[in-house]
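K.L.:
Protein chains in written order, with my numbering: chain A, 1 to 193; chain B, 1001 to 1238.
Derived from the structure by calculation, the hints contain no laboratory data. Watch out, some of these pointers could steer you wrong.
[Said to hold, decoys possible] Here are some, though not all, of the chain B residues that point toward chain A, as calculated from beta-carbon distances under 7 Å:
#, residue
1, Leu1016
2, Thr1054
3, Lys1067
4, Ile1072
[To be verified] Okay, the calculated beta carbon distance ranges per label pair:
#, chain 1, residue 1, chain 2, residue 2, range
5, B, Thr1224, A, Arg29, 28 to 36 Å
6, B, Pro1057, A, Glu72, 23 to 31 Å
7, B, Pro1219, A, Glu80, 19 to 27 Å
8, A, Pro16, B, Pro1235, 48 to 56 Å
9, B, Asp1003, A, Glu72, 30 to 38 Å
10, A, Glu80, B, Ala1177, 34 to 42 Å
11, A, Pro172, B, Asn1005, 20 to 28 Å
12, A, Asn174, B, Ala1066, 31 to 39 Å
13, B, Glu1215, A, Asp30, 21 to 29 Å
14, B, Val1059, A, Lys168, 23 to 31 Å
15, A, Thr178, B, Gly1022, 14 to 22 Å
All C-beta atoms in this analysis are idealised placements derived from N, C-alpha and C, irrespective of residue type, glycine included.
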Amino acid sequence: MIRRANLGVDGNLMTPDGLSHLMRRVAQRDRSAFAKVYQATSAKLYGIVLRILRRRDIADEVLQEVYVKIWERAAHFDSERASPISWMATIARNRALDEVRRKQPVSIEDHPEVQDCASDDETALAAVMRSEDGRRLAECLKRLEPDRRQMVVFAYCEGLSRDELAKKYGQPVNTIKTWLRRSLAQLKGCLGP
Amino acid sequence: MTDENEIDGLAGEYVLGTLDVGEHASVKARRQREPALDAAITDWERRLAPLIETTLPTVPPITLFAKIEARINSANFSPVGNATIIDLGRRVKFWRATALIASALAASLVVAIGVHEFGPKPKQQNLVAVLQKDATSPAFLVTVNIDDRVMTVRPVAAKPQPGKSYELWLVQDSLGAPKSLGVIDEHQAMQRPTLAAYKRDVIESATFAVSLEPEGGSPTGEPTGPVVFAGKLIPTGN
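For reference, chain B alone in the conformation it holds in the complex (with noise of 0.2 Å):
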């Protein structure tokens, strides 16, 4: 029972809000793989969303909602046999500025807890990963610092599907099965520890592999649907 104890406390302060960079983030990958976690935590949404009221409406900027619908116009991919084409100059921007966000935040990551827990480093190297179908089909670009584990992945055209979850694996002979790096959203960018656990030789010779799995991503931990991107880490000579 104290097992018990300890997943519905951790729900519930995830769902407070109290947890620090590394505990929100083990969590959140956590919660994609255990669902007594995940229970525990929207049954926590569920009672404690009544003190949303407690906090005061403000009106946004008035021009906000044209960059929503701009934003939701550029989404809309159109479908080409398999693959997914869509307008990559117009991405290639968006991604450029998203990049420069990305490595503000990774800047901003290590000073909030690299320092204490690794240490300055004096030179950083960066890898990137496309995972495709085929040449003409990337989806999503893994970047990794390797030094400090922190790994990126922008969508670059992967295609929503509707009641799945794109869920990104880590494949290297060493490691058995295939091992879950958490859920992957094909809309926006998103900065992940999840590699802190592995060797850099097994994360450099790796796949990094996308499988589609259910909503929320695989009941089992490991992958039950197909995967339908993937690809390996080259360096950026970064």
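Chain A extracted, bound-state conformation (with noise of 0.2 Å):
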């Protein structure tokens, strides 16, 4: 499957292998690697972020500021523990979400040009089966009553409060916040520690 790998920047595909590998280079201060890890994952870091932020302006700040860390802490970064879209990804979102919580949100209606994702549950869990690990969450996501399953992608991929997840679903916080409480137990207890 070709859409399962990155495109590099001269079209070879990038493997996690490939990708680590690089990692290894920038962690030595290698510049033109950062170069390559950057055409290799920029495209998804910045659909990331973009999707919790929906500002083109603000997320591109923060995708700056992503890279620099990327840069800083490649060192750190440890292939035995994740792989290293997810490395990245985790910082991205982690820094996408100080970012939203610190302003007021903002409308989808505003910036209608940030696509929605992932409104379609079949094609999220088709997304996430890539893995090995991807398969076992999609076994376990569906497992979970349609609507809560739902609001988990949901969740995740727009980093939605859940103040803003009650106006959506029409219910009071409190419920969200059982439900999502549920789900991530129930998804635990699917997948295991």
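Each of the two chains sits in its own frame; use the hints to bring them together as a complex.
P.N.:
Right under this line is the structure:
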């Protein structure tokens, strides 16, 4: 599956191993390796921060900070513990979530150019299922009730707070919290530690 | 076990991104000194990581990589003795820009939570502390809006220490042991509501101290490494 890997700068497929190798060079302060990592991952990370922040100007700023952090922390990346892309995605999501929590939410209607993601359950699960871990997660997500599954996927992707989910789903905030906590407990029970 | 479930639920929601501004900041600060919470967060990051596949890739503006390289170049300080000398002029421009953004963010934060929790304030007083080793080597700037207890920490010339984190502490006689204000970032300005728990006169008379801790912060909740920078608040006249 060609979609499974990220396309590198010269059109070569960038495998997780290839990316891990590049990250080791980045840790040695290799600028050309850093440029290749950027080429291979920036569209993914930009998609992640843009989806949460919904504003290109803020997402541009945040993405710069994310890559500066990746450069600074490359030596701490451990390929035994996480794939390079999930390590980078965690940095990107954390930074975007910090940012979105500091300002008032921006309405999606204000920025229609940002595409909805994962609104279609089947598409979302199929996307997740590309790796071994993803298949397990998708199996466990399928055991949740459809609306709760959608809420988990949606919350992760959009970084919506309980308040925002409450408005979207027309439920009291406490109900949303209960649903989220139960869904998480169910997922953990299914996935294991 | 209820406690464990609560920690796990909170960690899961932190990773999902569903906590509100106060809870999110509180969990972020707590994970620095609560290893169980930190481990639960790491586990949830791993469990949910495949969901990043649901986000569609979007190509960023073509000019962005050059900006990133410029930032990396300007962050490459050259150490001289114990102090760190950097191109201050360039950094000052950067702070002015960040200060503008930070005050805009502060304003929106006040709108978002301040109005409900504190009510409108007739006037706001800002205090600033320069945290330094000596007069020639400022490392961090701490700005405190004393009315809202919102603290902004801006790096000046703090040099990254591989495998170590800078942690900020509030030190004042009435507090007993130093109180952690969380791990601070040597690369970017950050804003924290972590002073909310302290009285005005305590904050105004306290020393802000930065210690060098293992990565992620002190494992014990008290400073374990050397204090590398310190300073006290002075009014900015704003």
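K.L.:
In this structure, is the beta-carbon distance linking A/Glu80 and B/Ala1177 contained in 34 to 42 Å?
P.N.:
Check passed, 37 Å falls within 34 to 42 Å.
K.L.:
Please verify that hint: B/Thr1054, Cβ, nearest Cβ of chain A, below 7 Å or not.
P.N.:
Check passed: Cβ of B/Thr1054 comes within 4 Å of chain A, closer than 7 Å.
K.L.:
Is it true that A/Pro16 and B/Pro1235 lie within 48 to 56 Å of each other by Cβ?
P.N.:
Holds, since A/Pro16 and B/Pro1235 (Cβ atoms, about 53 Å apart) stay within the stated range.
K.L.:
Are B/Pro1219 and A/Glu80 spaced within 19 to 27 Å by their CB atoms?
P.N.:
Holds - the Cβ-Cβ distance for B/Pro1219 and A/Glu80, about 22 Å, lies within 19 to 27 Å.
K.L.:
Given a hinted range of 21 to 29 Å, is it respected by the beta-carbon distance of B/Glu1215 and A/Asp30?
P.N.:
For A/Asp30 against B/Glu1215, whose Cβ atoms are near 22 Å apart, the range 21 to 29 Å holds.
K.L.:
Does the Cβ-Cβ separation between A/Asn174 and B/Ala1066 fall within 31 to 39 Å?
P.N.:
violated (48 Å)
K.L.:
Measuring from beta carbon to beta carbon, are B/Pro1057 and A/Glu72 in 23 to 31 Å?
P.N.:
holds (24 Å)
K.L.:
At the C-beta level, are B/Asp1003 and A/Glu72 separated by a distance inside 30 to 38 Å?
P.N.:
Cβ of B/Asp1003 to Cβ of A/Glu72: about 35 Å, so the range 30 to 38 Å holds.
K.L.:
Starting from the hint 28 to 36 Å, judge whether the C-beta atoms of B/Thr1224 and A/Arg29 obey it.
P.N.:
Given a distance of about 29 Å, which is inside 28 to 36 Å, the answer is holds.
K.L.:
Per the CB criterion, is B/Ile1072 less than 7 Å away from chain A?
P.N.:
Given a least distance of 5 Å, the restraint on B/Ile1072 holds.
K.L.:
Cβ-Cβ distance between A/Thr178 and B/Gly1022: within 14 to 22 Å?
P.N.:
The hinted range 14 to 22 Å holds for A/Thr178 and B/Gly1022, with Cβ atoms some 20 Å apart.
K.L.:
Once the shortest beta carbon distance from B/Lys1067 to chain A is found, is it less than 7 Å?
P.N.:
holds (5 Å)
Against the hints set out earlier in the document, a violation occurs for number 12 only.
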